[in-house]
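**Student:** Residue numbers (the working numbering), protein chains in the order written: chain A, 73 to 421; chain B, 73 to 421; chain C, 73 to 421; chain D, 73 to 421.
If you're looking for bench data, these hints aren't it; they were derived computationally from the structure.
Keep in mind that a hint or two might mislead.
[Unchecked claim] List time: in silico EDC-like cross-link candidates among lysine to aspartate or glutamate, alpha-carbon distance up to 16 Å:
| no. | chain 1 | residue 1 | chain 2 | residue 2 |
| --- | --- | --- | --- | --- |
| 1 | C | Lys264 | B | Glu121 |
| 2 | B | Lys353 | D | Glu121 |
| 3 | B | Lys117 | D | Glu352 |
| 4 | D | Lys353 | B | Asp301 |
| 5 | D | Lys264 | A | Glu121 |
| 6 | B | Lys241 | B | Asp197 |
| 7 | C | Lys353 | A | Glu121 |
| 8 | D | Lys117 | B | Glu352 |
| 9 | A | Lys117 | C | Glu352 |
| 10 | B | Lys264 | C | Glu121 |
| 11 | A | Lys353 | C | Glu352 |
| 12 | C | Lys117 | A | Glu352 |
| 13 | A | Lys330 | A | Asp244 |
[Claimed, not checked] Simulated restraints on C-beta separations:
| no. | chain 1 | residue 1 | chain 2 | residue 2 | range |
| --- | --- | --- | --- | --- | --- |
| 14 | C | Gly328 | A | Gly260 | 44 to 52 Å |
| 15 | A | Gly354 | C | Asp159 | 31 to 39 Å |
| 16 | B | Thr283 | A | Ser144 | 37 to 45 Å |
[As the list claims (entries may be wrong)] Which residues of chain D face chain B? A few of them, derived with a C-beta cut under 10 Å, are:
| no. | residue |
| --- | --- |
| 17 | Tyr89 |
| 18 | Phe126 |
| 19 | Ile129 |
| 20 | Ser139 |
| 21 | His154 |
| 22 | Thr156 |
| 23 | Leu199 |
| 24 | Ile356 |
| 25 | Ala358 |
| 26 | Gln416 |
Virtual Cβ for every residue (Gly too), placed ideally from N, Cα, C.
4 protein chains.
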Amino acid sequence: MAGSKRIRIGVLGASGYTGADLIRLAARHPNMELVVLAASSHAGKPLAEVFPHFTFIDAPALVKAESADWNSCDAVFSGLPHGTAQDLIRELPRDLKIVDMSADFRLRDVGVYHKTYGREHAAADLLGEAVYGLTEHYAEEIAGARLVACPGCYPTASLLALIPVVANKLVDPADIIIDAKSGITGAGRSLKQNILFSEAGEGLSPYSVGTHRHAPEIEQEIGRAAGRDVFVNFTPHLIPMSRGELVTCYVRLAEGVKPDDLRDALSFAYQPRPFVKVAEKGVIPATQNVRGSNYCQIGVFADRLPGRAIIISVLDNLVKGSAGQAIQNFNLMFGLPETAGLEQLALFP
Amino acid sequence: MAGSKRIRIGVLGASGYTGADLIRLAARHPNMELVVLAASSHAGKPLAEVFPHFTFIDAPALVKAESADWNSCDAVFSGLPHGTAQDLIRELPRDLKIVDMSADFRLRDVGVYHKTYGREHAAADLLGEAVYGLTEHYAEEIAGARLVACPGCYPTASLLALIPVVANKLVDPADIIIDAKSGITGAGRSLKQNILFSEAGEGLSPYSVGTHRHAPEIEQEIGRAAGRDVFVNFTPHLIPMSRGELVTCYVRLAEGVKPDDLRDALSFAYQPRPFVKVAEKGVIPATQNVRGSNYCQIGVFADRLPGRAIIISVLDNLVKGSAGQAIQNFNLMFGLPETAGLEQLALFP
Amino acid sequence: MAGSKRIRIGVLGASGYTGADLIRLAARHPNMELVVLAASSHAGKPLAEVFPHFTFIDAPALVKAESADWNSCDAVFSGLPHGTAQDLIRELPRDLKIVDMSADFRLRDVGVYHKTYGREHAAADLLGEAVYGLTEHYAEEIAGARLVACPGCYPTASLLALIPVVANKLVDPADIIIDAKSGITGAGRSLKQNILFSEAGEGLSPYSVGTHRHAPEIEQEIGRAAGRDVFVNFTPHLIPMSRGELVTCYVRLAEGVKPDDLRDALSFAYQPRPFVKVAEKGVIPATQNVRGSNYCQIGVFADRLPGRAIIISVLDNLVKGSAGQAIQNFNLMFGLPETAGLEQLALFP
Amino acid sequence: MAGSKRIRIGVLGASGYTGADLIRLAARHPNMELVVLAASSHAGKPLAEVFPHFTFIDAPALVKAESADWNSCDAVFSGLPHGTAQDLIRELPRDLKIVDMSADFRLRDVGVYHKTYGREHAAADLLGEAVYGLTEHYAEEIAGARLVACPGCYPTASLLALIPVVANKLVDPADIIIDAKSGITGAGRSLKQNILFSEAGEGLSPYSVGTHRHAPEIEQEIGRAAGRDVFVNFTPHLIPMSRGELVTCYVRLAEGVKPDDLRDALSFAYQPRPFVKVAEKGVIPATQNVRGSNYCQIGVFADRLPGRAIIISVLDNLVKGSAGQAIQNFNLMFGLPETAGLEQLALFP
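Let's have the full structure, built from the sequences with the hints guiding it.
**Tutor:** Laid out in C-alpha cells, this is it:
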C-alpha cells in the first residue's frame, strides 16, 4: 500500500509561505517524514514559533541550512527565494532528489536567466539537468529527474490554459494577452509596506506592468509549444485576498477556429489528468473553487470581438502554483500515485 | 458665495447604494437641501433604519415615489435600477432637472437599448433629450441639459482612459481589450448568494464574460470618438473589496505612435479638469488612491508586446463612477463650481 | 486497517454551509461513502451547481429529503436549520445513526427549549435519547448513542474553555462573561443584507446582545459542571472573516486560585485529547491557527483586575464548531479512530 | 465667516497613518493651511510618494523635523510615535500651539508614565502644562490650552462610554471589563509580520492581554470620574479591517440602577455634543456607521446576568480616535466652530 513507503524529507526555506504550505501538506502525506527544516534566520526556534498553526504537530526544530544533516534525507524541497536557492542547492549531496520551488532553475537558457535576473547563474551546470516541473506536460521527464524546477504560480496558471491551444495551432502565439490577478501571499512573507493589511486591503493595484519576471518563463514554454520564439503580454494585479490566482487570457483564434474548439482541445489534453478540470460551457471559474487545493479549473469563452476568445484559469498560488505541484512532482519522482497527499478539496466558504 | 444658493433635492431609490452615496455627499454639499427621499419598499421608515450610518444627520423619512411631493424639489437624482428608472422618471414634473444614475438613458439608440436590455424603452422621447453625463467630455451639453444620463462606472473608467487616445487616432479602435475589475458594491444591494461576505470574500471571479451590458455603452462612445462603429472586448471581474474599480486597457498603437504619446494626449485632455489626473511615467494607479473620492487616476505603460500599450484607469465606482459624477453634473447644470461638495480626499488607509 | 470499513452516509441540508463542510470532509474520509445528499430547494441539481468547489469530485445529485432512500444509508448527518431538523429527523428510519448539527436536540429540558425557541418541540421523545456531542467531555455516551446533538459553535468554544475550571471549582460559576467573536459563515447561507460583503466587510458589529440562543445551551452545560443552575453573560460579535471563532472568557478566581492553576486544569483535562491543545504560558491563541481544521486552542492569562483571569479559546466554527465535531462523534459511534478524516492542518496563510 | 481665518499648520510624523489622516482632513479644513510636513526618514520626497492618495492635492514636500521652519506655523500636530514625540515637541518654539496625538503627554503622573513606558519622561515640565484632550469632557480646559494631549483611540471609545456612568455613580468602578476590538491601522505603519495582509486577514487575535499601555490611561480618567483609584480590565483584539474600533464594556450596576438609567445619563451628557450620539434602545452600534467620520455611537443593553449591563461604543480609530479629535481640539483652541472640517459622514458601504 501507498502508506507503507516512508521517504525522509528536508525543507530549505521553512519560514516562508511556500515552505509552510509544503510542510502543511507533507505533514499529512502518507509517505513523507519531515526530518530537516532549515530556515537560517530562525535557526534554533521551534517551528510553531515561526508558524503558530503548526503548534498541533510534532516537527523538527529549525536549523541553519549549512549545519543541517542533509544526508539524513531522501529528498529536499526548496522554498528559498530566487538567487539564494541556487547557492544552497548546489551544495547539497548529489544523491538527493530535489524539488525547487524558486525561479532559479526554470529558465532553460542561461542568457535569458542573466538578462531576467540581472546576475550570473551560480549553478549553470544544474540548469542543464533541471526538468521544468509543469506536471501535466512533462510528467515523463519529471519521473526520471533528479532536480525539478517547479514553475511559478503565474506560469502554471497561464501555461495550463495556453499550451494545448498553442500546440494545436488554434490561436495566434504572437497575440496573447495575459491579464493576471493574484492573492497577496504571492508577494511572499518579506516585510513591505504595500502588503500590510491596512494598505493592501480594500484595494487593487497592478504591479511590474510590462516587466514581470514570469513573462520570460511563460514565453519559453509557449515558444516551445509554438515551435518559435514569442513575446506575450503579462500584466499582474494584486488582489485583496490571501490565496488564489486567476489569469484571463485574451487570444486571437486561428482561421476557422471557434471557441468551442479551444475547449475541446483543453478537455482532451486534461481528461486523464487528476488535477486539471475544464469547465463546461457557460461555467465561469473562480478562485473560491480551488482555495487550498491542488486543482486548476479552466474555462473558455467567446469574445465580443470577432475572431477572438478568452481563456480563464484559476488555481491556488501556494498549492498548484507552488507547494502542491512540488509534491505532485515528488510523487512522480518516487513512483507514488500522483495524487498522494494532495486530495484536499477547496476550503469554501 | 457658493454656499448661499440653496437647491432643493429629491432622491429616487434612496435605499440602494448609489442613492446612499448620493445622500452622503448631498448632506454636506454647500448648496443642497434634501427634501424628498423616495424608496418605495421602505416607505414610512426613517432613513437611519435603512442606512444606520445616517443616524448622525437629520433627513426626511422615506416615502413612496408615487406619493412624494416632487414639486417641492428643484432637482431629482435617481438611483433606481434600470427599467424602473424610466418608468418613474417619465412621470416627474417637466420643470425638474433630473440626474439619472441608471442605465436607462445612456444608450442614444433605442434599437441598441432594446437589444441590450431586452425590452421596449418606456420613455423613448426622453432618450433624445438626455445628455450623456461623462462630465469631462460633455461639460457644455450637460450645463444646458434638463436630463442627464450618468455613465456606468465601468464606462466612466474606460472612456476617460480611451476617448482622448482614440479621438487622436493614436490607437486602433478595433483592437481594444478592457479587462475590468470592480469592488462588490458594483453588484448593488439586492440579495444574491455570490455577494455574501462568506462567498465573495477571499475569492475572485469573472462574470458576464462576453455579455456585459456596459460593453454597448462603451462602444457607443468609443465609436463616436473614432468616427465609426467599433466592438470592444469588455471582461469584468468581481474583486473582494467594497469600493473601487480598475480597468486595464490593452491597445494597439497606431503606426509610429509611442506609449508616451498616449500619456501626453491624456495629460493634455485632462490638464484643465479638476478630477482626472494622469500619473507620471512609472507611477501605477491603484484603487486605494481614490477610495471614497471623486478622483480618477490614469497611467500609461509600454507593453512587452511590440507596438502595443497598456492604459490603466482607477476610480471609486460609487463616487466618480456614480453619485459623485452625478453631483459633478448637477453642479454644471446649476452653474455651481464643478467641485462643489466633491473635494473629499481618498480614505486611505 | 481503518480504510477498509465503508460506511454509507446521507446528508440532510446539503446546500447549507455546515452541510457543505461535512461533504468536504466526508469526501476524503477513509471510511465514508456519500450516498444521499438531500437539499429540498435544490432537488435535481448536481451538487457542483450549488457549490462549485465540488466540481472536482463525483457526488450524488441533490434530492428532496422526502424522497431520498434513507435505507441505503448507515448514518445521517443533518445540517438543517433548527426547527426543520426535528421535523425531518423524526421521520428517519429508527436503525440509522444520526448526527445532528442543528440546535434541535441540544437542550436537555423541553421547557427550556420551548422558552428559547418559542415553539413546542416536535420530537420530544428523541430529546431524551439524544446525547450532547461535546466530544471531549461525553466521549463514552457518544460512542453508545444513536442520536448525537452536536453543540453549537459558540458553546463548543466556550465549554471547552470553561468546563474543566468550573468542574474543578477554580472559578465562580456565577460571574462568567463570554465575549464571543465569529466569522460570518456563522450566520449561515440565508440571504440577509447585513452579511453582504459590502456591508459586513471592513466593519464589526455585535448582535443578539443579551438574547442569543446559545446562552441557555452554555448555561445548561456550565450548570452541570458546577452542580447548580447558573446564568452567564454571552455577547456575540460578527467579525469580517469567513471562518473562525474566538471567545474571550472573563472569570473570577476562587479563593487562593491562580491563573496558572486554570492552565494546569485545562492541560490535564485535554492532555489525552487529539484536537484540543492548551497554549503555553504567554502564547496567545488566534483563529488563524485553526482555520479549516478540527483543532481548538486555549490560552489562560492573568487579568489586570485582582482575583480574575481570562481564558481565550479559538476554533473553526464550521469544523470543530460543526461538521468536524460531527465527524469526530461519528468516528466514536462507529468505533473508528477519533481522528479519522480530520487531520487537516490549518490553512495558513 | 469661518472660512476667512487662515491658520498655518505644521505636522510632525507626516509619513505615519495618524499623520496622513490629519493631512487628509486638514487639506479640506476651511481654516487650515499646511505649511510644514516633517517626516525625517522621507525628507526630500514629495508627499505623494509616501502616500499616493495625496497625488490630487498640492502639499509641501517632506522635510526633516530638525530643519523645518516651525516659526512659519501657528500650530503643530504631532503624529509621532510615543517617546519620539516628547523629544521633538520640547524643542518647538514656545509660542506654537501643539496638538499631540502620541501617548507622551496623556498620563498626568510622571511615575505612572515611567512605570508604563519604562523610561524617564524627557519633558516632564510639559506634562504639567498638557491638557487631556477628550473633547467632550474637557472642552473648557482645551480651549485655553497651549499643549493638548489627545487620548488614545481605545481610551476615547472607552471613556466616552464610561465617564458619565461612573461619575454619576451608576456602576461599580471596581468591576469594569473592557473587551476592545480594533482595526489594523491601530497597529501603525511599522513593518511587522502579524499585520501583513496574508497573516492578519481572515483571522482574529487578541494581543497584549493584561498588559496593554492604554489601561493606565483609562484608569487615570475613570479614577478621576470615580473619585478614587481603580483598576479596569482591558483586553484588545486585532480585527481584520483597516479602520474602526469597538469596545464592549461589561459593568455591574449600582444598587437599584437599571440599564435605562445608564442610557439616560449618557444621553444627557452628550445631548449638546455634536459628535457623540447615544443609540435608541435596541439599536446596536457598529463600526460601519462611523467609518472615516469623527462620530462616536454608544449603546446600552441589559445583561443576561442579573444586576449587570453592557455598554458598547464605536468610533473610527484614526478619526475620532486620533486625527479627528485632534482637529476638534484645535478648533476649540483657535475659537473655531467645534465641527469645522469634521463633518464628513461615514463612508458606507
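**Student:** For each hint, tell me whether it holds in the structure or not.
**Tutor:** Hints, one by one, checked against the model:
1. Distance hint between Lys264 of chain C and Glu121 of chain B is fulfilled; the C-alpha atoms sit about 15 Å from each other, no more than 16 Å.
2. At most 16 Å may separate the alpha-carbon atoms for a hinted pair to count; Lys353 of chain B and Glu121 of chain D meet this at roughly 13 Å.
3. Annotation: proposed proximity of Lys117 of chain B to Glu352 of chain D holds, straight-line Cα distance about 15 Å (limit 16 Å).
4. For the given pair, Lys353 of chain D sits about 60 Å from Asp301 of chain B by alpha-carbon distance, which is inconsistent with the 16 Å threshold.
5. With a CA separation close to 15 Å, the supplied pair Lys264 of chain D and Glu121 of chain A stays within the 16 Å bound.
6. Taking the CA atoms of Lys241 of chain B and Asp197 of chain B, the gap is about 34 Å. The hint is violated against a cut of 16 Å.
7. Taken as a hint, the Lys353 of chain C and Glu121 of chain A pair is honoured in the structure, with Cα atoms around 13 Å apart against an allowance of 16 Å.
8. Between Lys117 of chain D and Glu352 of chain B, the direct Cα distance comes to roughly 15 Å. Compliance with the 16 Å bound is thereby established for this hinted pair.
9. For the hint linking Lys117 of chain A to Glu352 of chain C, the alpha-carbon distance of about 15 Å falls within 16 Å, and the restraint holds.
10. This hinted pair checks out: Lys264 of chain B and Glu121 of chain C have alpha carbons roughly 15 Å apart, not beyond 16 Å.
11. The hinted pair formed by Lys353 of chain A and Glu352 of chain C fails the criterion: a straight-line CA distance of about 53 Å is larger than 16 Å.
12. For the suggested pair Lys117 of chain C and Glu352 of chain A, the alpha carbons sit about 15 Å apart, so the restraint of at most 16 Å is met.
13. With a CA separation close to 13 Å, the supplied pair Lys330 of chain A and Asp244 of chain A stays within the 16 Å bound.
14. Separated by about 50 Å at the C-beta atoms, Gly328 of chain C and Gly260 of chain A satisfy the suggested range of 44 to 52 Å.
15. As the Cβ distance of Gly354 of chain A to Asp159 of chain C is approximately 36 Å, the hint placing it in 31 to 39 Å holds.
16. At about 58 Å, the beta-carbon gap between Thr283 of chain B and Ser144 of chain A misses the expected band of 37 to 45 Å.
17. Taken as an interface hint, Tyr89 of chain D checks out: its beta carbon lies about 6 Å from the nearest beta carbon of chain B, inside 10 Å.
18. Satisfaction of the interface hint for Phe126 of chain D is found here, the shortest Cβ-Cβ separation to chain B being roughly 7 Å, below the 10 Å cut-off.
19. Interface restraint check for Ile129 of chain D: the shortest CB-CB distance to chain B comes to about 7 Å, inside 10 Å, so the restraint holds.
20. With a least beta-carbon distance of about 27 Å to chain B, the hint placing Ser139 of chain D at the interface is violated under the 10 Å criterion.
21. Evaluation of the His154 of chain D hint against chain B yields a violated restraint, the C-beta minimum of about 20 Å exceeding 10 Å.
22. A cut of 10 Å between beta carbons decides the hint on Thr156 of chain D: the least distance to chain B is about 21 Å, and the hint is violated.
23. A hinted interface residue such as Leu199 of chain D counts as satisfied when its beta carbon comes closer than 10 Å to some beta carbon of chain B; here the least separation is about 31 Å, so the hint is violated.
24. Satisfaction of the interface hint for Ile356 of chain D is found here, the shortest Cβ-Cβ separation to chain B being roughly 9 Å, below the 10 Å cut-off.
25. Here the hint on Ala358 of chain D is kept, as its CB sits about 7 Å from the closest CB of chain B, short of 10 Å.
26. A cut of 10 Å between beta carbons decides the hint on Gln416 of chain D: the least distance to chain B is about 6 Å, and the hint holds.
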